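Novice: Chains as they are written, first to last, in the numbering used here: chain P, 15 to 171; chain S, -16 to 243; chain D, 705 to 1121.
Take these hints with a grain of salt, some might be off.
Taking lysine-lysine and the DSSO-like style, the derived pairs with C-alpha atoms no more than 30 angstroms apart in a straight line are [what the hints assert, rightly or not]:
1) S:K73 / P:K75
2) S:K108 / S:K70
3) S:K73 / D:K839
Not everything, but these chain S residues come out facing chain D in the computed CB check (under 8 angstroms) [claimed, not checked]:
4) C128
5) H170
6) R243
Keep in mind that the hints were calculated from the coordinates and are not lab data.
The structure presented is a predicted model; accordingly, all values stated were derived computationally and were not measured.
Yeah, the Cβ is synthetic: ideal placement off N, Cα and C, and Gly gets one too.
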Amino acid sequence: MKNHVFRPLWVVIGLVVLILIIRPFYVPKDFGIHERGYMYGWYRKGNIEDWKKVSVKYQGKEYCKTCHQDKVTSIDRTPHAIIQCENCHGPAIEHPSEPPKLAIDRTRGQCLRCHAKLAYPSSDRANIRGIDPDKHNPDIECVMCHNPHNPNLEGLK
Amino acid sequence: MISRRDFLKNTAKVVAGVSIPLAAIEILSPARVHAIKADSSIRWAFLVDTYKCVGCGFCVKACKNENEIPYDANVTRTWVERYVLTKDGKLFADSPKGARDGFISTKIDLGMGNFQDVKKEDIKKAFFVPKLCNQCDNPPCVQVCPVGATYQAPDGVVMVDRTWCIGCGYCIMACPYGVRFFHPKYHTAEKCNFCYHRITKGLKTACVQACPFGARQIGNIKDPNDPIAKIITTERVGILKSEFGTKPQVFYIGLDEEVR
Amino acid sequence: MVHGELWTAKELFVTPNEYIYWSVQIVMYPFMTGLVAGAFVLSSLYHVFGINKLREIARFALVFSFALLFVAPVPIILHLQHPLRGVNVMMTPHFTSAIAAFGIVFSAYGAIVASELWFLYRKHFVDVALPLKEKQDKTPAEWLKFLVFCTLTLGVYDVSEDSLKRDEKAIKLLAGLGIPVACFLHGYAGFIFGSVKANALWMTPLMPVIFIMSAIVSGIALCMLTYILTMEIRKFMAKRKSASAPRHETREELQSAEVNVIRMTAKYLLFFLVFAISLELLDLIFRGYTATKSWDVLRSVIYGKDFTSIFILQYGIGNLIPLILFLTPGLTIRRAVIGVMFVLFGVFMMRWNVVIGGQAFSLTFAGYMHYHLPIIPHNIETLKEGLFGALGVFIMPFVLFYFMAKIFPVFDVKESH
Chain P
15 MKNHVFRPLW
25 VVIGLVVLIL
35 IIRPFYVPKD
45 FGIHERGYMY
55 GWYRKGNIED
65 WKKVSVKYQG
75 KEYCKTCHQD
85 KVTSIDRTPH
95 AIIQCENCHG
105 PAIEHPSEPP
115 KLAIDRTRGQ
125 CLRCHAKLAY
135 PSSDRANIRG
145 IDPDKHNPDI
155 ECVMCHNPHN
165 PNLEGLK
Chain S
-16 MISRRDFLKN
-6 TAKVVAGVSI
4 PLAAIEILSP
14 ARVHAIKADS
24 SIRWAFLVDT
34 YKCVGCGFCV
44 KACKNENEIP
54 YDANVTRTWV
64 ERYVLTKDGK
74 LFADSPKGAR
84 DGFISTKIDL
94 GMGNFQDVKK
104 EDIKKAFFVP
114 KLCNQCDNPP
124 CVQVCPVGAT
134 YQAPDGVVMV
144 DRTWCIGCGY
154 CIMACPYGVR
164 FFHPKYHTAE
174 KCNFCYHRIT
184 KGLKTACVQA
194 CPFGARQIGN
204 IKDPNDPIAK
214 IITTERVGIL
224 KSEFGTKPQV
234 FYIGLDEEVR
Chain D
705 MVHGELWTAK
715 ELFVTPNEYI
725 YWSVQIVMYP
735 FMTGLVAGAF
745 VLSSLYHVFG
755 INKLREIARF
765 ALVFSFALLF
775 VAPVPIILHL
785 QHPLRGVNVM
795 MTPHFTSAIA
805 AFGIVFSAYG
815 AIVASELWFL
825 YRKHFVDVAL
835 PLKEKQDKTP
845 AEWLKFLVFC
855 TLTLGVYDVS
865 EDSLKRDEKA
875 IKLLAGLGIP
885 VACFLHGYAG
895 FIFGSVKANA
905 LWMTPLMPVI
915 FIMSAIVSGI
925 ALCMLTYILT
935 MEIRKFMAKR
945 KSASAPRHET
955 REELQSAEVN
965 VIRMTAKYLL
975 FFLVFAISLE
985 LLDLIFRGYT
995 ATKSWDVLRS
1005 VIYGKDFTSI
1015 FILQYGIGNL
1025 IPLILFLTPG
1035 LTIRRAVIGV
1045 MFVLFGVFMM
1055 RWNVVIGGQA
1065 FSLTFAGYMH
1075 YHLPIIPHNI
1085 ETLKEGLFGA
1095 LGVFIMPFVL
1105 FYFMAKIFPV
1115 FDVKESH
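Chain P extracted, bound-state conformation (with noise of 0.2 angstroms):
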């Protein structure tokens, strides 16, 4: 039966048969219904790979004991043992091909992180030796006196 009521329906088909013919070209083949079904796994399988080749740039007290063995054993020894390397030397990544030289951090406000004295009961920070950063030397920097690979008292310079 030829009936032209049906002309709008064709082309409406036909668009929905463009769209499933572009489809298959424009996604990714891996994209599909993965382990956590539609609700949470409706996605491109191949990210996962994309997220785990990011590089690591942190690489962590280990990897600095491999060449500076003897700075990392002799801060072992003090309160800072606790601190990673990194933290203020900054993120290894390559080091020592790149970058061959770590900027590091030898602000006040690097120190003043934990020894800004915050007296708050129910929290760790205040048995943190501290001191009031705007009543303590307010304008030359912790390192001058004070050294951070041996942070006791004695070890002022």
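Start from chain P and add chains S and D according to the hints.
Specialist: Below, chains S and D without anything else, positioned relative to chain P:
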């Protein structure tokens, strides 16, 4: 003259025409969906001890560097909040720059350039709460993604596909914890993914490694010998905003009613 | 600069990643979609329910709805961070998301409106195309016109009585089918907001219904406004022509026809307006009465920070004044124009108060965010998501309508008796 029956036929064709593409995009196959819902032997979980956190912000600094979030952009994958409760029942809380530079002053940032100094004598209790993506078991952010650009990996980590995200922001709106934002460079939704490139290599996340006080821990909750899993399963831990039914996988020691 | 930082000011305790990510274009989106749905429902009132008094405005509303249809996705595209990837919604739809339905529902709706238009104007296409087909040595302009109309006929040149009767039946069916789809289209726009459980202001099952009601209100209002405008232009033309060719409809004829149509339509507008207001107030009262955890911060936003834009601009100017204007007997065209403009403004403010208001408070319930609409554009972002972007979206349907009216003549004006 066209009869009603022809119109019904017409309608049936429309329905058929719509269902063909639906079938073609492989979403109407419950059997298949069921079959691939395999179990993974890993389920990453996070433990935060708020007593141990001193608000130094080394975690935030490390996170930003590790995950290449522009350092000066005012967004961050993880952050630390400060809560100060006074004796007269007031709550002061802030997280200046997400605590990237730590908390180095007693002054609370009230926004719009205002600060409030709370005196030591007035404080009833005060503490720090690190925040990061809860990698929910029922992630509302994934549910609302219109294109499948964000998803839950088999090990429970919720990630974003930067090549597929259209940047509608619906996931940002749907997250009850405010962990999502637009990446200033890629302009796609961005979030904490437990440093996926690190945990899959056997390393700790950047924030866990950077924390000098052990306030942050990560482990595999499906491994009975995992020390973190042991704490989570045998000790009293809390989660954030349980009322949303999101089943967060970041657990807290020392949560307070005032923590948002 | 982080997206959203430019127009967001934070106050008190707001978490670091919170910004007003959904800005003015997301206000425009439900506003424009609402106009589409409303205009279509208005036209269907005639086609389906046979409300003959709306005959004049029905055809007009349908064409206008079609023009609006093309504009409805524009705010979303302007809002997307990756507009070119927008097609992903059609390619890998994730139907657990309310936005994913957009591609399907919107296309289905577009197909219905386009088909209905086709049936409505099929005879016109044939009438234009056939003489051009016969005509020898066509000018390039005529060639273009011929090609356009030839394509529009979809190869059907049968304009017998019988086939036209079939057209009418098809129109009736499509108009009937279109009402639920139009309501669905807009209802789900409401669902986009209503289903966000993280947002204390948005999350309510009433949201889709409120959106549908205010959509119909705004659609009818815009149709009335545009109808009046075109009628005024026609009156002006009639006045000019009456001197030379007194055979056209006189100014007075047009005037009385116009007033009748407007008074009739205004009744429907009022009906839906009252319904919309009742639902909104119900929502507000319910929130206050149940006073759950979020109520403290919501109250401070609704009765404090956003008081002006909610109670004065939206309910006062947008609802109360039009109610008075329309309920006072003896509705004149001038009063109707003022009334519908206030109604449109009121609906816009309602969208604003939902979208921006929903982001006016922090997830912490202990802080606020203030939105500053970028006015002077100084980069692509402030152009797209600023005053000019929004105005552009608002003007676009009128421009489209102007061109579409050339293909779909809206008024059955007989050039000669």
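Novice: Next step is simple, just say for each hint if it's right about the structure.
Specialist: Tested hints:
With a C-alpha separation of about 42 angstroms, the suggested pairing of S:K73 with P:K75 is violated against the 30 angstroms cut-off. For the hint linking S:K108 to S:K70, the alpha-carbon distance of about 8 angstroms falls within 30 angstroms, and the restraint holds. Between S:K73 and D:K839 the alpha-carbon distance is near 85 angstroms, which puts this suggested pair outside the 30 angstroms criterion. At about 6 angstroms, the closest approach between the beta carbon of S:C128 and any beta carbon in chain D falls short of 8 angstroms, and the interface hint on this residue holds.
Because the smallest distance between the Cβ of S:H170 and any Cβ of chain D comes to about 4 angstroms, under 8 angstroms, the interface hint for this residue holds. Given the 8 angstroms rule on beta carbons, the hint for S:R243 holds: about 4 angstroms separates it from the nearest Cβ of chain D.
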